[in-house]
Each structure stands twice: as C-alpha cells, then as structure tokens.
Amino acid sequence: MQAGLMSSRVELLIDGNRHGGWTSVNIRRGLNQVADRFELSLTEKWSQSTEPAPVRSGAECQVFIDDDLVITGYVDEVLPSYDGSQHSLVVSGRSKTADLVDCSSRRKTWSKPRKLEAIARELAEPFGIEVVVEADTGAPIKAPAVEAGQPYYEALEQMGRYRAVIFVCDPEGRLVITKPPRGRIDTALALGENIRKGSGRFSVRDRFSEIIVQGQQPGDDLLSGEQASSPEGTATDPVIRFRTQVIVADTPVDKAGCRQRAENETRRRRGRGRGLTYTVAGWRHDSGLWTPGFEVSVRDRWLGIQDDMIIEGVQLLLDGQGERAEAQVVPPSAWDLTAEPEPDEEESVWG
Numbered sequence: 005m006q007a008g009l010m011s012s013r014v015e016l017l018i019d020g021n022r023h024g025g026w027t028s029v030n031i032r033r034g035l036n037q038v039a040d041r042f043e044l045s046l047t048e049k050w051s052q053s054t055e056p057a058p059v060r061s062g063a064e065c066q067v068f069i070d071d072d073l074v075i076t077g078y079v080d081e082v083l084p085s086y087d088g089s090q091h092s093l094v095v096s097g098r099s100k101t102a103d104l105v106d107c108s109s110r111r112k113t114w115s116k117p118r119k120l121e122a123i124a125r126e127l128a129e130p131f132g133i134e135v136v137v138e139a140d141t142g143a144p145i146k147a148p149a150v151e152a153g154q155p156y157y158e159a160l161e162q163m164g165r166y167r168a169v170i171f172v173c174d175p176e177g178r179l180v181i182t183k184p185p186r187g188r189i190d191t192a193l194a195l196g197e198n199i200r201k202g203s204g205r206f207s208v209r210d211r212f213s214e215i216i217v218q219g220q221q222p223g224d225d226l227l228s229g230e231q232a233s234s235p236e237g238t239a240t241d242p243v244i245r246f247r248t249q250v251i252v253a254d255t256p257v258d259k260a261g262c263r264q265r266a267e268n269e270t271r272r273r274r275g276r277g278r279g280l281t282y283t284v285a286g287w288r289h290d291s292g293l294w295t296p297g298f299e300v301s302v303r304d305r306w307l308g309i310q311d312d313m314i315i316e317g318v319q320l321l322l323d324g325q326g327e328r329a330e331a332q333v334v335p336p337s338a339w340d341l342t343a344e345p346e347p348d349e350e351e352s353v354w355g
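Residues 5 to 355 (the numbering used here) are what the sequence shown spells out, left to right.
For the record, the hints were derived by calculation from the structure and aren't laboratory data. Among the clues, some could well be false.
Said to hold, decoys possible - Derived DSS-like pairs (lysine-lysine); straight-line CA-CA distance at most 25 Å:
# : residue 1 : residue 2
1 : LYS146    : LYS259
2 : LYS146    : LYS116
3 : LYS119    : LYS146
4 : LYS183    : LYS119
5 : LYS146    : LYS112
6 : LYS146    : LYS201
Stated by the list, open to error - Taking CB as the label site, the calculated pair distances span:
#  : residue 1 : residue 2 : range
7  : SER96     : ARG125    : 22 to 30 Å
8  : ASP72     : PHE131    : 21 to 29 Å
9  : SER207    : THR248    : 25 to 33 Å
10 : ARG110    : PRO144    : 44 to 52 Å
This structure is a prediction, so every number in the text was calculated from the model and none was measured. Using N, Cα and C, we set each Cβ at its ideal position, and we do this for glycine too.
Use the sequences and the hints to build the structure in full.
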C-alpha cells in the first residue's frame, strides 16, 4: 500500500482483541438494507507475520473507524489464502440485524392489536437485538401476523408500510424504526469543492403515465360482490408518454387504499428515477462520518442539480485508489413515505 492513502484507523474487535492493518476496506450502509455490511482484507509477506489467521467465522464483532463504532454484528465469512511469497485474509460480516433477514418464523399471530415497536421487540428479542424508536408508529397494528416461513424482517417491513416507517440498524447493532430524513448534514456535496467524481442516473424506465392498483375487499351487507371484489385506484405522471401499469395489491384493500398505493408508487418512482453517486476524499464530513438517511445540499452545475437530497446509501472504501466515500443520493420524494392501508382482522391475508 502506498504511503498516505489511508489516514483513518480501521479495527475489527473480537473477544477483546483488536485486529488492524487492513489494506482494503469496504463498508456498506444504506436505507435499503436493514443490516450494514463490511469486508476487510490484508495481504502480507511471510516475513511480516507467520501467525495463523486470527479471525473465526461466526464470531461476534465490532468495526471501528478511529474511535467511532460503525458496525456491531457477526463475522459471516473468513477467507484465508497463501502462496510461496505472501498470505492474505478477507473477513466479511454484517450487523446483528442480519439474523432478522436470514431467519424465518413459524406462523405467528397476536390475539389483540399491538404497537409496531412491541411486535418488533418480541420478534427481535430471541436474537439479542434491541429496538430503538425514532419515529411515531401511530396506532396499534390491527391484525399483526407472521406467515409460516416468512423472514422476520419481511414481516416487519410489511407492517412498517402501514405506518410509513422503515427499519434500519445503528452502529450498536440495534433495530431502528425511523423515517427519512433522520437529520441534516451541514457539509454540502459541491462540484469544485469536495466532489472528486460524480455520476447520474436519470431514468423513466420504471415510470408510467398511469399506475392502477387493484385490490380485493371481502364482500359484506353494504357492498355488492362486484364493488367488493374489484376496488381500484389510479395515479398519473404527466411527464411520461402513454404507459400504463396495473399492480395487484398483496393485501385486502378498498378503493381509497388502492388510490393511496397508486399515488405512493408514482411519487416514489419519480424520485428514484433521479439517482446520483458522488465520490469524496476521506470518510468524514465536517461533523462526522458520511451516513445514510440524512439530508444534504447538492450543488452540481454539470449534472444540473442544485437541491437538497437524501443520502440513500454510503460506501466507505479503501484500496489502491486511497480512502474515499461514495454517497448515493436521491430526491426526498423517493423516501416520502405515506402509510398504506392495512387489512382488518377479518380481512387478514393469513386468515
């Protein structure tokens, strides 16, 4: 590694022992993943060390950048290798919340409505995962349930849509219920100042002039069979040429719920059609590490952006090109969450 390419100290803490000297670092954090992940590697000549690989897979670990805790979780994989002149070690892992993604449940229901955070704590407790609430979760979920074989996180994410919140993790490995933006970073991303490289994605591929959401609602004495079986709602995007898409709701929903879902889809697709990736030197802005979920001002004349954006994902990288951060930013509308209607107890898709 060339001198001066790394100014931060990255250490992997396992069983009280700190492992450093990493020559390659990739730490991924984002709003689209409930478990942050890391990959650390080093390559040494035999003359530098003859000790066997000191890291075991499955170990509980923490990743530090200088004195800042970044990830608390487990080592997923250890990949040692060697040849006649050198040996290498690659260690990868994820936050504790990865267990909620990987593991699935027997069918589970609750006899009474429960607050979302209470459900999350009950599901996360066997894994030793704490739950932190940063956003209002509203009224209790009417008919909470986890389908047999359904990953825990998938069930939570679905219930989170009913309350317009998302689940992420924090550096302590806790499950966080939140709603972007989580705050604001005062340091702007600015062309000619801190931006080393930039790229954009301006796409209409997933946008439609008309999105129609169709749902199904059980019939009753007040609704005819036709009214109950075919509620639908529509939202339009006038910028796009004639293109339609029909979405069948995955839960029972009435006409108002279909319309809300269609509006949500249209707004999010419009926001996600404008994505930008910026590379800056180092891993820190004026107040700390670059972190997803925060609002940031972007000033980029060449890409035509002079606006506030939300950091959707961050990669903290170290390799032969040096230490740098890659930030993926999107318009706030991409994360403008609106609660989707939830099924009543008698309408639950799980019966």
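Going through the hints against the structure:
For a cut-off of 25 Å, the pair hint linking LYS146 to LYS259 stands: about 19 Å separates their Cα positions. Proximity of LYS146 to LYS116 is assessed by CA-CA distance (about 7 Å); at most 25 Å being required, the pair is judged to hold. Restraint check: the Cα-Cα separation between LYS119 and LYS146 comes to about 9 Å, which is no more than 25 Å; the hinted pair holds. Between the alpha carbons of LYS183 and LYS119 the distance comes to roughly 16 Å, so the proposed pair stays at or under 25 Å and holds.
Simply put, LYS146 and LYS112 have alpha-carbon atoms about 14 Å apart, close enough for the 25 Å limit, and the pair holds. Simply put, LYS146 and LYS201 have alpha-carbon atoms about 48 Å apart, too far for the 25 Å limit, and the pair is violated. Remark: the range hint 22 to 30 Å for SER96 to ARG125 is upheld by a beta-carbon distance near 29 Å. At roughly 24 Å, the beta carbons of ASP72 and PHE131 sit within the given window of 21 to 29 Å.
The hinted range of 25 to 33 Å is not satisfied by SER207 and THR248, whose Cβ atoms lie roughly 18 Å apart. Taking the beta carbon of each, ARG110 and PRO144 are about 22 Å apart, not inside 44 to 52 Å as hinted.
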